[in-house]
Amino acid sequence: MDIQLKRGLLDVCVLAAIKDADSYGYRIIKDLKPYVELSESTLYTILKRLELAGMLTVRSAEHGGRLRKYYHITRAGLGRIEDFKDEWREVMTIYQFVAREDTGHAQTGIS
Amino acid sequence: MHKQEFLEILGTQLSVLPTEDRNERLCFYSELIDDRIEDGLSEEDATLAVGDPRVIAAQILFDMRMEAGQSDSRGASAIPDGGKPRLGAWGMILLVLGAPVWFSLLAAAVSVAVSLYAALWSVVASLWAVFGSFAVAAPVSVLCGIGISVFESPLTGLALGGAALVLAGLTVFLYFGCLAATKGTVQLTKLLFRLTKRAFPIGGEHRA
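Line order of the protein sequences matches chains A and B.
All residue numbers for the first sequence refer to our numbering, where the first residue is 24 and numbers rise by one.
All residue numbers for the second sequence refer to our numbering, where the first residue is 8 and numbers rise by one.
Do not rely on the hints blindly, as some may be mistaken.
[Said to hold, decoys possible] Listed below are the simulated DSS-like cross-link pairs for lysine-lysine, each with C-alpha atoms no more than 25 Å apart in a straight line:
1) K10(B) / K56(A)
2) K42(A) / K92(A)
3) K92(A) / K71(A)
4) K29(A) / K42(A)
5) K190(B) / K71(A)
6) K92(A) / K10(B)
7) K29(A) / K108(A)
8) K204(B) / K190(B)
9) K56(A) / K29(A)
10) K10(B) / K53(A)
11) K71(A) / K108(A)
12) K42(A) / K71(A)
To be clear, the hints were calculated from the coordinates, so they are not data collected in a lab.
Bear in mind the structure is a predicted one, so any value in this text is a computation, not a measurement.
Next comes chain B alone, as it looks inside the complex (with noise of 0.2 Å):
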């Protein structure tokens, strides 16, 4: 067998690897051909010396199989079964049997939690009403400024128009006010989510 044909042969065979796994050892075999052969053997004496490469794969496959197996075991003895606690017979009788106290208790905990968030939501909600408000208010108390100005009494006009420009500036800044309590919020929830989805992994796929 050629040297090209027994790398092939290894690669294929090596092709669940990762490819930078597989390469590396493709490249290792190589070596190892190319140092038979300027020790002397000609190629196909050389890739004989190495072995056959479907049984080299196998051998290696094999070894992959026994160091996993070793770590699992090894992790396994603090964290049975794949790190979920099993509830035995008594385990499951007391969850029964207390159900009426955790059901309850549980279901206190959730809607506190459910109405304190809702609590937020408003609070963000009321700010927005005051800026639509604010909004409104400032360009016609400004007009009617004017109104006043020009038709009826110049000073009360002015003054109302000054506090409607200040109340315009308000609007601008409780503008941004709101749009950082809304962003806050949206940044909580995500947080919430991922802690709540850390703390109840749904199958397997949470492990690490």
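Bound-form chain A, shown alone (with noise of 0.2 Å):
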């Protein structure tokens, strides 16, 4: 998949995982596990794309006497993720006309 594409997929990604509840470096990764693969470095430098981005923030907060950081999305990444569904309703748009091509030269090819 092209790089910036697949960027822009896991920048979503990672705050649709946050949109609903404040989560955890650990729990992000576990939530996107059925549906995209994250490795912690790779997840670690979009968290920081995000926050430096005002798309979320960060507090510390004590769990089991140690430090967590929860990360949670703010207006801008909420208006980030709406802004990711228009846009793929024109991909999905796009991407019906194109199969739809491919279907009608093999239905010609078989007919």
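Dock the two chains into a complex; use the hints.
Have a look at this one:
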């Protein structure tokens, strides 16, 4: 997959993982596991990038006698998810067109 | 591998990073290992699940280079070759052929700038010279005034003494004036120096 595209997708995946409730590193990886394989170092880079972009905020909270970092989505982050949905509605329309062409050719091939 | 060993290896491998960045990353991995242990894994299994710290470090450094490279290539589209315009063959030819014109113009501009600057300092120097003459004249005139009033005519002496005191007052004012003029000129020099340095960067250290 194109590296820029993948980067954008992973950013939105991480935002989606913290959309409903604040989450932490290990939890994000676990939640995304069924959908996308995400290494720890990649997650770190994404979280840092989203934080710098103002799409999430970080707070440290005590958990079991140690500090754990929780990530909280901001309004800008929620906006990014909405933009993503709009963009992909367009992409899906294009996809349907492209896929239809394929089946069209296949059908003429058969008949 | 124990968590501590994992973090030590990762820390050593990432020693090229700024301390703050490195510590933040180490905290991140420490938290991930702790969370896996809490999830029921043993310490060894938890570090194993996170991965080999050497491989992770290599991946982090590679990713950072990629990110830096991408932002570089994005920025470079507007300014190729690190922001320095390159001269083509025609540019070189024009530069050489035009030398009699541009060199004399440049020399004239430089000499005008230098003479203006020298004129500025000469104003400052003449101000100080006036101050010096005032500073010598004032006490001498006071002494003369006293001498004349005692030995010759008291009224003339008094007038001379009064004028001398006015001169002394002016001297004090002039001192501050001279000082301000000197400071101003020095500041102007610094500003000009900085502007010149920015306009003609030597080497590549002034890119920012």
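Hint check against the structure, violated hint numbers in rising order: Failing hint: just 5.
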